[in-house]
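Take the sequences, apply the hints, and build the full model.
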Amino acid sequence: MLNSRRVLITVAALLSLAGSAAAQQPTTLTGHVNRDDGTPVGGATVAIPALGLGTTSRPNGSYGLLLPSGQAQGQTVTVTARAIGFKPQTVQVALIEGPLVQDFALAANPLQLGELVVTGAGTVTEVEKLGSVRNSVDSSLISRSNESNIVTALSAKAPNVEVLSPSGDPGASSSIRIRGANTLGSTGEPLFVVDGVPIDNSTVTTTTFDGTGFGGQQGTAAPNRASDINPADIESVEILKGAAAGSIYGARAGQGVILITTKRGHAGATSYSLNSSLSVNDVHRFPELQRVYGQGDEDSLGVITAETCVVGGAIDCEGTSDSWGPALAPGTPTFDHAREMFRTGVMTDNTLTISGGNDRTLFYLSGSYNNQTGTFVGPQNSYKRYSFRLKGSHRVRDNFTVGGNVAYSNADGRFIQKGSNFSGVLLGAWRTAPQFDNRTYLDPTTGLHRSYRFPNPSASSFGSSRGYDNPFFTANVPVSSAIADRVFGNVSLEYVPLAWLRFNYTLGVDYSGDDRLQGQPQTSSNIPDPLGQVVKVNLVNQSVDHNLTGTATYKLSPSLGGSFTLGQNLNTRSLRQLGGVGNGLLAPEPFTLTNTASQLPPIDNETKVRIEGYFGQGTLDIADQLFLKAGLRYDGASTFAQDKLRSWYPSASAAWQFTKQTGTMGGNLTYGKLRAAYGEVGTQPNPYLTVFTFLSGGTFGDGWGDNLTASQNGFGGLFSDTTRATQLKPERTRELELGADFGLFNDLADLSFTWYHRTSKDVILTLPVAASTGFINAATNGAEIRNAGTEWALNIRPITKRDFSWDLGFLFSTNRNRVVSLAGPQFVSYGGVGGFALSVAEVGQPVGAFRDYDYIRCGRGITVLDAASTEVNVDDLCGAAANSQHALFINDGTYQNTGFDPGAGAGYPLLEPESRIIGDPNPKWTGSIRSGLRFGKISVSGLLDIRHGGLVYNGTRGALNAIGTSKESGDLRGKSVVFGQDFLPGAVAGPGVGTSAVLDQNWFQNYYSTFTFLGQPFYESASFVKLREVSVGYSFTGGFVSRSLGLSSMDVRVAGRNLAVWTPYTGVDPETNLTGADTGARGIEWFNNPQTRSFVFSVTLNR
Amino acid sequence: MRKHFATAVIGFGVALGITGCGDFLTGPKLSDNPNRPIAATNANLLVASQTNLSSVIEGHLGRSICVWMQQCAGTQLQYASLGQYIVGDDDYFIAWSQIYGPGGLVDLRLLQRQALATGDSAYAGVAEVLEAWYVGLAADVWGDVPYSQAVDSTIPTPVPDPQEQVYAALQTTLDEAIASMNASNPGGSPPGIEDLVYEGDLAKWTALAYTLKARYYLHTAERLGAPAYAAALAAATNGIADPEGDYLAYHSEASTERNLYFQFTGQWVDYLSAGKALLDLLQSTGDPRLSEYFDPNADGDFVGADPGDDIGVSPSPLSATRLDASFRQPLATWAENALIVAEAANQAGDDLTARANLDAVRADAGLGPVGGGGGAALLQAIMTEKYIRLFQSPEAWNDYKRTCIPPLVPASGSSFIPGRFVYPLSERNANTSIPGGGPLQNWNDPNVCP
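Protein chains in written order, with my numbering: chain G, 1 to 1103; chain Z, 1 to 450.
Wrong hints could be hidden among the right ones.
Claimed, not checked - Where chain G lies over chain Z, by a calculated footprint (3+ residues, C-beta under 8 Å):
hint, stretch
1, 24-36
2, 53-61
3, 245-253
Stated by the list, open to error - Negatives, chain Z to chain G, calculated, CB over 10 Å:
hint, residue
4, ASP152
5, PRO186
6, SER189
7, CYS449
Said to hold, decoys possible - Cross-link-like lysine-lysine pairs, in silico, DSS-like; alpha carbons within 30 Å at most:
hint, chain 1, residue 1, chain 2, residue 2
8, G, LYS761, G, LYS924
9, Z, LYS29, G, LYS729
10, G, LYS761, G, LYS87
11, Z, LYS29, G, LYS644
12, G, LYS761, Z, LYS29
These are calculated hints, taken from the structure and not from any lab test.
Given the structure is predicted, the values throughout are model-derived calculations rather than measurements.
C-beta atoms are modelled at their ideal positions from N, C-alpha and C, and glycine is treated no differently.
Structure (structure tokens):
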């Protein structure tokens, strides 16, 4: 303090002297920006807003501003220095000709007060004026996550921002969901905006084009397009969660908005930074498999027969899928099928950035190469990404700045077949009988693909399915690649014609060309044609965004001011998909359409969507403590019905910094703000849902992957659309958000609390209609969904010494989600494993609730048939106590269900023929704990991610129970048990209670596996605690680093990612998901590729 | 200078703003779908509908019936459970939606409207024949099904008509179809070679219509008795008179046109094998169709699987002939028509006609005349032959439910073979007029087979 006062006195003296100078000279303003302890602050912004001038400080804290001659006319202007993490400092400087010196001493600012926040569509505000909660992620948190995908890097960084990374495959998609599901028709992903330009973040799996209709549950993982961004280029991410925060994006903000700001150059000496990191990844969770019983079957009489087709059996014999054979003879070699497909994966990442500039021109240039090999053996899982970015700005005139930003990336992903798929790597691996050696995947004699179900292929068997593909074959021979070239860029203009008036213009382009190839070789088992298949698709995505805003600031009195913003946004997005599917390879290679015997109708699809929006926003700041904001957007979108193209989206918020009124309560409460916000946002439907059409190139299939195209024998066939066209209007989300932010104990702690209640009405979805009407579904505004929750953030900084600091952060959030109404049907299904688990939206249930089959239980009013086929209510057989407990009904062999299933006999439960709601995939609460410790040049940090509640469907376990390779099926087989006592403990009732029952193959396959319409036992808790990040870093400065290497610093870091998981879930990972980020269905495991953990070593050289 | 600059910048902004006004949100590719046609010709609709029909009958619905009738056997996982009658509550929704939805009834009605608007009564008649086939199939497997209220845009929840009424209404539909096809049709353009099966031969369509009439009369015979048999006999007299008139689903080697049994068994290895009942029947009588329908297993033996038995010894697969990609699945045939005549004549006491028709069918299969007596014994022979001859046809289920021939033993633990499918969950979900659960047998099947 003393220091700065002295500076001021000096400046004042200088000013009074300079005032008398007569000659016309340019004014130069120079000085240093330091911390209040004297250490320099680089990268701080020093600006004179009235003149539209600004610069940034060099790493040594020095800055310089040149005011053109004639601008200094003796007036006093406000000069502000700002830096992230410091309280801004503002001084009044009287301008004179000639040199001026102004130093700044900035105080630490843990509450980030006064910092500018990007709030979207070209608007900014200061932290304390925000009427809605702020969730911001800066570059250091992103780099510490060691993720190559920006979406994954946001995991556990903000309350109620749920990131799902369905698998550990290199380049695989991640999805993000903010404050629960509030839509059904789309994937629920927020809008991504980079430097003011909305970008594409779609996930498209190649398999959706293969003609089977299975989509994402089969095939391979695919990237989400935001992963084209190099995370090292990102300066900060603002997550606009609520409707009030996002409403400036109107009809596209229904699922929230992620605002990404890329790094920019700073004036001063050109700085160079080279970061190299090496990650070593592996899989550390596996299902438990039995290694006692061999391939074979038990027949209905209980006779157990070993499969004779195993090695040495007849040529081309097809062995059973089952491992229900006799116990293997002692000494028989068995293989670790759970683990043998995995190896250690490696990721290297090298990023070089060069940035710098002067007071007029700034530039940032980066180039990076990310190279990953996955954790599966073989060449078919890897990811390479080259990217570069050039961002620059130039102040053409004092009040006119032009900027440009162009990024190019090339992402080359190779993906392995996974999931519900006969060629899926883990489906084949984990179903394999324990005594079969998968590693010899080519027959030594014929050189052809062999598997445990087809162990002895003849030379002519290249047209025969292998039952399930040998996983080593899958890992080595098929090809699935996604190679995307992407360019995004924008030009921006800033024009400040008058001190109170500013125009911003951004024209942005996002273009990607994505080449997909999926080549399934001859003998592949997953496709209708075992002679192989080639899928080739070219996806071209293009968007152009024009955004113009004008902002006027006003000041009516010292205590009354504000701003008005008016803006226009035009956006065009188009998507083209062109490709083909060829079946039956003529020669084993190459995987080209010309090398196939026949082709499906070509893939030729094109969509175009436009948005035209006008928006206005006004703010009113009263007495520097009450901040009001109101906004309105008038949005039109081409995808709505012709007479409902446009609609209004209002928002309003208020923030009251009440401590300005009440005082700071003796340092215990140093800052206090109450806030309230209300907003409305929308969600757009997919295009062309309002027009009736016929489907060309359509197929008729029965859900088992076999189908016929409508056109046959050269004659064109057309059929009407399965979806009834309707007059769609926007889906509208209304949200009220209340909260408070506190700074406590002289800013040693801060606490933020937020409560919200959001209702989404007219939710756009394809709603099932009675198929007997001729349509299967209708695109309608047909649902209402409610989300309500709380979010807490607590940060504590117990030690903030210059050389020793320690901070702790806690996040906690809850969300309750409920489908309030559906127009028509009882439920809507939007995903699952074909025929088994379903994710549904059902009235009164949370979105994504699992609908599946259970055993018959008491107290549910279920009807069964007695020996005379007369209907009997089970509840009458159970008794009141059992009914209240939903006890398992145990049959005495005389009853059967009404679905024609006779059941397994006396002592066993019966299957309920109708599915019902089994549970909820959504967590009860989520939280995280972060801690950072800095001791001199050493820094240590860690992040625990916690999720409590919710279910995952472990379909893998259920399927392996039928196959007989699960540990459970090995340990329990042949055992005589009493249900409710030594098996499926819990309440039981009914005439068969106490009767012992044998757990044989028939029981497992028909009544205790997912293949036969039983799901309930396979839903497991998804709670977890994950050690998401651990990092130890050391920064070398001075000494040999500067003397010998000529560097300003060298940072060395050792880190870990997902090192430990504590969970009751027995599958690969509680965060797993079959369909990745391309559907709204969550929490389904079906031979999914597992998550990985990483050890990371990284070196950064700065100059 | 400065002023000019400001004007230029503002002017640029305004110019961009103006381009946004007007018709930015409407126009080509925005207001219309650039990927899809908005109209379909009669030929487009007919081709799709014929294809759709074969995909229903060869698809999961048809395969399930083949398994339940023990002509086939389900021998892996889901299909083994299917053999034990363990099915999901929405398993046959796709078939249901194919019958009523796109390619099915809704498009056939569109075809009829389109054809009649231009005076193409022949086209409308063909569409009506297909309509009767689709709806009859629904009535066969589900019993009471929507018909009078189906595919009406003003009725969101069509109420099922009693099965008896559906069959009666279909007779009317078929009579209309026959009249339309045979009406004088000057200037009209009847179906031509785009007709995948009959290439526009209206005489063949007419014969098919009569065979379907006979088929549906038989489906009511367990309830209605002699009059139904008499009506069936009368209709079948005009039915498909020779194998030239067989309705064989179109298929070829092209990957978009392959027989669904070929496609299914190629992907779902060992899911579908030889049914023990049919295989044993063929083997015990030395019937040459044994090797036409089935192939020996890896050990060179013909072995059928019991219902739902995931047996250790590998069962015989379906034959290479039946699993040929271009095998044209018989959906309605001269043989079926002749055996309808035989059954109806036998029921009317005319064993002479019955025997002549049965022997004609047997001769076509390379078998000599049937021995044994008349009456019930002859009926046994007729229905046994029909069970063999109509391999993979849903008629096997209808015939079994009516006559209990051949005597099939239900899967282990079950006392009977299901007589219907439950209404699919997806339809019940959106149509409150469709009840859950439902009866165990349809109206036309009052007596459960022993």
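Q: Kindly indicate which numbered hints from before are broken by the structure, ordering the numbers from low to high.
A: Violated hints: 4 and 10; rest satisfied.
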